[in-house]
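Note that the protein sequences, when read in sequence, are chains A and B.
Take 15 as the starting number for the first sequence in the numbering used here and just add one per residue.
Take 15 as the starting number for the second sequence in the numbering used here and just add one per residue.
Among these hints, one or two may not hold up.
Treat identical chains as interchangeable: a pair holds within one or across any two.
Said to hold, decoys possible - Calculated lysine-lysine pairs in the DSSO-like style (CA-CA distance at most 27 Å, straight line):
hint, residue 1, residue 2
1, 82, 100
2, 203, 100
3, 47, 203
4, 100, 241
5, 172, 223
6, 241, 47
7, 47, 172
8, 241, 130
9, 172, 70
10, 47, 65
11, 241, 94
12, 94, 172
13, 65, 241
14, 223, 70
FYI, nobody ran anything at the bench for these hints, they're computed from the structure.
What you are looking at is a predicted structure, and each value in this text was computed from that prediction instead of being measured.
There are 2 protein chains.
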Amino acid sequence: MNNAGTLYLIPTPIGDIAAEQTIPLQTLEIVRKLDYFIVENIRTARRFISKAGVLKTIDELEFVVHDKHYDPHDIGLMLKPLLKGKDGGLLSEAGTPCVADPGGVVVAQAHEWGIKVVPLSGPNAIILALMASGFNGQAFRFYGYLPIQENDCVQSIKSLEQQAFSTGETQIFIETPFRNNTLIERIIKHGHPDTFLCVAAGISTPDEKIISMPIGQWRTMAFDFHKIPAVMLIWSANKNVFQNKRKKYKR
Amino acid sequence: MNNAGTLYLIPTPIGDIAAEQTIPLQTLEIVRKLDYFIVENIRTARRFISKAGVLKTIDELEFVVHDKHYDPHDIGLMLKPLLKGKDGGLLSEAGTPCVADPGGVVVAQAHEWGIKVVPLSGPNAIILALMASGFNGQAFRFYGYLPIQENDCVQSIKSLEQQAFSTGETQIFIETPFRNNTLIERIIKHGHPDTFLCVAAGISTPDEKIISMPIGQWRTMAFDFHKIPAVMLIWSANKNVFQNKRKKYKR
Numbered sequence: 015m016n017n018a019g020t021l022y023l024i025p026t027p028i029g030d031i032a033a034e035q036t037i038p039l040q041t042l043e044i045v046r047k048l049d050y051f052i053v054e055n056i057r058t059a060r061r062f063i064s065k066a067g068v069l070k071t072i073d074e075l076e077f078v079v080h081d082k083h084y085d086p087h088d089i090g091l092m093l094k095p096l097l098k099g100k101d102g103g104l105l106s107e108a109g110t111p112c113v114a115d116p117g118g119v120v121v122a123q124a125h126e127w128g129i130k131v132v133p134l135s136g137p138n139a140i141i142l143a144l145m146a147s148g149f150n151g152q153a154f155r156f157y158g159y160l161p162i163q164e165n166d167c168v169q170s171i172k173s174l175e176q177q178a179f180s181t182g183e184t185q186i187f188i189e190t191p192f193r194n195n196t197l198i199e200r201i202i203k204h205g206h207p208d209t210f211l212c213v214a215a216g217i218s219t220p221d222e223k224i225i226s227m228p229i230g231q232w233r234t235m236a237f238d239f240h241k242i243p244a245v246m247l248i249w250s251a252n253k254n255v256f257q258n259k260r261k262k263y264k265r
Numbered sequence: 015m016n017n018a019g020t021l022y023l024i025p026t027p028i029g030d031i032a033a034e035q036t037i038p039l040q041t042l043e044i045v046r047k048l049d050y051f052i053v054e055n056i057r058t059a060r061r062f063i064s065k066a067g068v069l070k071t072i073d074e075l076e077f078v079v080h081d082k083h084y085d086p087h088d089i090g091l092m093l094k095p096l097l098k099g100k101d102g103g104l105l106s107e108a109g110t111p112c113v114a115d116p117g118g119v120v121v122a123q124a125h126e127w128g129i130k131v132v133p134l135s136g137p138n139a140i141i142l143a144l145m146a147s148g149f150n151g152q153a154f155r156f157y158g159y160l161p162i163q164e165n166d167c168v169q170s171i172k173s174l175e176q177q178a179f180s181t182g183e184t185q186i187f188i189e190t191p192f193r194n195n196t197l198i199e200r201i202i203k204h205g206h207p208d209t210f211l212c213v214a215a216g217i218s219t220p221d222e223k224i225i226s227m228p229i230g231q232w233r234t235m236a237f238d239f240h241k242i243p244a245v246m247l248i249w250s251a252n253k254n255v256f257q258n259k260r261k262k263y264k265r
């Protein structure tokens, strides 16, 4: 439809793990062919690219930064080379670009300009946590961050719990790692003992630790997730939600 | 904490693509070590396992079936070998087990029995579609299937659109492939011209086709997604949703 290049969306490893371990060959082979990258952080992007087996020298590669502090006017500039026919890769610091990470506005602009967008497979902490939770994976909701301030946060927890209870959906959220323990303590204190809580920490790293059980059980054990990147999920067990989705989720 | 084995959650390729292309090495290496598999479909599981470079003969491998028609009483039986110390792999037909696929109840039971659960990376159509949509990846909701009957379906579409508009969240859903065109036609007919619709079809296969644009534009073009597995996403563009999440999503 035009002569534009392709924008590849490239997942990177989560945590300090060799690129070949969690990034599939197809993704690595495409990275090796590219020389233009839109990245969240140049230093970590360079490290990933050298681990990915790229044989080009750093001088042959071009990096532009797109992070959460982006200026909307820069998006068009970043995509200009693709408009002229160059292929480019979009990378975030760890895991999947555009999902709980920057990149979405770049992709939106690419579609508007008719640049082909190709998403590549790799680790995504949200999906890995959802798989591992044992909670409802037929309907779920990701909220990003909850409010920091205690009253607002507790209110959010209660509203998520209510949502889990009334819809059967798994409710998923994240927190800045140094605030993990505070948030988990609040959930355990204010949640119903029968509500399930899963904390999936250090996902896809050697330190991975996934605990999934009712809040009542969480109350009886010690835990420490301080500074370990974590995904948290709550769910209200309902033996029927895994089946008869069409009936259950009729709105 | 006990002598139980580990339950590995194993993604498989989506579509007819070589296993090494979209399944990372770490996942393949674990598959090669296992000889006990809980699978959605034995035939496709065997095909994947032989493509994954497993050197054991079929006689050395054991398969038990867990699909959407499962009997709850079988879940415990399936996990018995793991309780006794054997490692096992859980596979769905294509993509990620437990997410829009069977497996969740098996994982839930594993947690209850203290069996360690390890989710492995691989392709997930929902996340790949979300990345590629250019829509909000900081907050999103997956609904599974919408109702089939026209009135109920249209009402669902309107409710999803309202949800997208009021929360800024991306609304994600799927359809049985032979009903794709009917559903897309309904969305285009009943949605607001400014609402964005993305159809991500044949994701991670050679026939991948991702179209993301406002409904007003969809109305001007021909499309055909008949029988191609697809993820559909709707979103109400709001230039602010990508930033200031804490403020925006305070509840």
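*asked:* Within, between, both or neither: how does the pair residue 241, residue 130 come out at a Cα-Cα threshold of 27 Å?
replied: Classified as between; 22 Å across copies, 38 Å inside a copy.
*Indicate which option fits the pair residue 223, residue 70 if close means a Cα-Cα distance not exceeding 27 Å: within, between, both or neither.*
neither (37 Å within a copy, 31 Å between copies)
*At most 27 Å between C-alpha atoms: does residue 47 with residue 65 qualify within a copy, between copies, both, or neither?*
both (14 Å within a copy, 26 Å between copies)
*Between residue 94 and residue 172, at a C-alpha cutoff of 27 Å, which is it: within one copy, between copies, both, or neither?*
For residue 94 and residue 172, neither the intra-copy (46 Å) nor the inter-copy (37 Å) Cα distance is at most 27 Å.
*asked:* Regarding residue 47 and residue 203, is the shortest C-alpha distance of 27 Å or less found within a copy, between copies, in both, or in neither?
replied: neither (51 Å within a copy, 42 Å between copies)
*Since the copies are identical, ignore which copy is meant and state whether residue 172 and residue 223 lie within 27 Å (CA to CA) inside a copy, between copies, both or neither.*
within (25 Å within a copy, 40 Å between copies)
*With identical chains treated as interchangeable, where does the CA-CA distance between residue 100 and residue 241 reach 27 Å or less: within a copy, between copies, both, or neither?*
neither (39 Å within a copy, 33 Å between copies)
*Since the copies are identical, ignore which copy is meant and state whether residue 47 and residue 172 lie within 27 Å (CA to CA) inside a copy, between copies, both or neither.*
neither (49 Å within a copy, 43 Å between copies)
*residue 241 and residue 47: within-copy, between-copy, both or neither at 27 Å Cα*: neither (36 Å within a copy, 33 Å between copies)
*How would you classify residue 65 and residue 241 at a CA-CA limit of 27 Å: within, between, both, or neither?*
This pair counts as within: shortest intra-copy Cα distance 25 Å, inter-copy 39 Å.
*For the identical chains here, do residue 172 and residue 70 meet the 27 Å Cα criterion within one copy, between copies, both, or neither?*
neither (52 Å within a copy, 50 Å between copies)
*asked:* At most 27 Å between CA atoms: does that hold for residue 203 and residue 100 within a copy, between copies, both, or neither?
replied: Answer is neither: 54 Å inside a copy and 37 Å across each miss the 27 Å cutoff.
Consistency with the previously given hints fails for numbers 2, 3, 4, 6, 7, 9, 11, 12 and 14, ordered from lowest to highest.
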